[in-house]
Structure formats: structure tokens, C-alpha cells
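Asks: Take the sequences, apply the hints, and build the full model.
Using our numbering, you'd call the opening residue of the sequence shown number 1 and step up by one each time.
Calculated from the structure, these hints are not laboratory results. Hints should not be assumed to be uniformly reliable.
[Stated by the list, open to error] List time: in silico DSSO-like cross-link candidates among lysine-lysine, alpha-carbon distance up to 27 Å: (1) Lys-52 x Lys-173; (2) Lys-305 x Lys-103; (3) Lys-294 x Lys-263.
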Amino acid sequence: MKGSVIAMDRIFGRQAAAMIVDGELDDLLFDPPDDQVRPGAVYRAKAGRPLKGQGGMILETPDGPLFLRGAKGIAQGEAVLVQASTYAEREKAAPATQRVLFKGRHAMLTPGAPGRNMSRAIMDQGRRAALREILDGVELPDGLGVVLRTAAGAAEDADVREEIARLADIAGKVLNESRSGKAARLLDGLSASELALRDWPRSSVLDDKPGSFARFGADEMIDALRSPHVMLGEGSLVVEPTRALVAVDVNSAGSGSTAAGLKANLAALRALPRALRLRGLGGQVVIDLAPLAKRDRRRVEDAAKSAFRACLVDTTFAGWTPLGHMEFLRRRERLPLHEVVT
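Replies: Structure, rendered in C-alpha cells:
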């Protein structure tokens, strides 16, 4: 099937959202368990014990502990306004930040950063001028800034204004909450369906009725993700999460030459962001490449950066190891598939 489909259904006992592009699964989101901290949730947390040598502190919330890095000047027992930033690693506290953001599809409000800006990806000068008028005309409380996201470039003006007003109302309620009292969740993190509608491109088909995964074949494509193997025209790659990192092995198609290795590596790096995205994998990613000449490292590095730049999940190239492995650091924005199906 040509075109894109967003399907929302239940699988593995929880709600999920799948994007299918030209008949292939392109993105996948799952709801976490009810007792797990969701990224984006805002808390009035209680400062717990400081972690000496790490420059951080454990915070107490009704949904479990959070880890706040750089917690200077916060006394134990003090109430702190924080936002969960990513999912937690197993048996660890979820990371949190005091830089709370209120994000929508078209706009993002930034407490403590009162500028009015827009995404540089909005290239059309006429559209930028129209959006600048919206920014100049919107009324926001003191200290609250706004950034228009890329999707605002194709949105109706009324929709952009309405979303800014809605986010400002939410921000006002959260920021005006009392800093005293017991730990509490002040704003829920978004569900998989809500995240899909906020962050994914508009689709020609949206099916949120029960059985949508079966109608579009998403259930079979999701089940196939249990295998770590990803077949490519120029070889294959294997993606295997461990407790410490995500290991990726690139294999050429039966040849040990550097020319065949280069082709396999380029194909693998183009496919890797999607493979990680569908499996919900983040953290440290280590890639064992097919045979590669040192003179081709820059070409491979540029191809990897280009591929990850187009992915919704922030991924940073960390460098080459002495053994010739590539290392990346990827935000833990997704619930890992292997945790969902176990």
C-alpha cells in the first residue's frame, strides 16, 4: 500500500501506535506500565539523598524515584519542580530536569527563557513572516517564551494560535502550583497515541479502531521485530540490546573485501536509525562494522550522521574506539520493545 497510515491499537496487552509508510513499518510507540514514569511528566518532587561524586540527587515522586543531575543548592526534603526527560534504565531512576518544557505539535513553551522564535527548518520567507506576526501578537505571562516547531510551517494560523493558548493555560496551572506539600504529579506524560499525533507527520489514513493493526498488517510486522536480524540488499545487520549497551553487528554479503564492506556499512547505517527506532532502543550504541579501510572512515561517519539527523530521536556520534567500532549516544525516548514483550 502506497502512502502513510497511522494505526492505534492494543498489542502485547498495552496500547500502541504504529506508522506504516508505503507498506513498511516506519515508527512504533508503546504505552508504559501505569506505575512507570513517563517522559514529559511534570512533578512536584521531594529532594532525597544526594549522590556524592555524581553531582546529582535522587528525588521522590508518587511514580517512583527520579535522578536530577547538577542539583546544586537543593536541600534534602525541599520541594522541586522537575520534568521527567527520558525513560529509566533497568533498576535505575529516570533522569529529570528542572528545565520544564510544554510541547505541542506546532509550538513549545519555555519557562525561564522568554524569547519568541521559530524552527530554522521553516524555510519559506512568506510563511516565516506570517508566523512572526503570530509570535508578536500572542500574549504570554512574564518569563514564558515560545518556539514554533517545524510543523507550524504547514499549519493553519488559527491552529497555531489555539495551541499556544492551550499550552499557556497548561503552563500557568502547573507553574502556579504551590511548591509546598507532598510529592505530586502535576502533569501527565503523553500516551503513545498522543505522542504519535503530536510528533509524527500527518497521514492520509488514521485508524484508531480496534483491529487496526491486523487490518494493515502491523501486528505481523511488529512480531517480526523480535528477531534481531535486519536483512539488507548489501548484507545484514544484527541489533542486540544488553544491560550495558546496544550492540550492532554489520555483515557483508559473503565477501571479506573492503569494497564489499563499505557497501554493507553504508547500507547498514542508512537502515540503523529505523531499526533502533522500531525497537525503542537508546543509550550507548556500539557498532561493529564490516571490513572498512581507514581512508573510508570519514565517508561512513558522514553517512551515519546524515541518517541519524533525519531521525526523531536525538543521537550523537561519540567517536571511534581503538578497535574500530563506532559509538553513538542515543536518548532513551522510547519504551524498549524487549521490555514490552517480556
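Asks: Has the given pair, Lys-52 with Lys-173, been kept, meaning a C-alpha gap of at most 27 Å?
Replies: 35 Å, violated
Asks: Are Lys-294 and Lys-263 close enough, with their CA atoms no more than 27 Å apart?
Replies: 15 Å, holds
Asks: Taking 27 Å as the top limit, are the C-alpha atoms of Lys-305 and Lys-103 close enough?
Replies: Distance ~26 Å between Lys-305 and Lys-103 Cα, so the pair holds.
When each numbered hint is compared with the structure, a violation occurs for hint 1 only.
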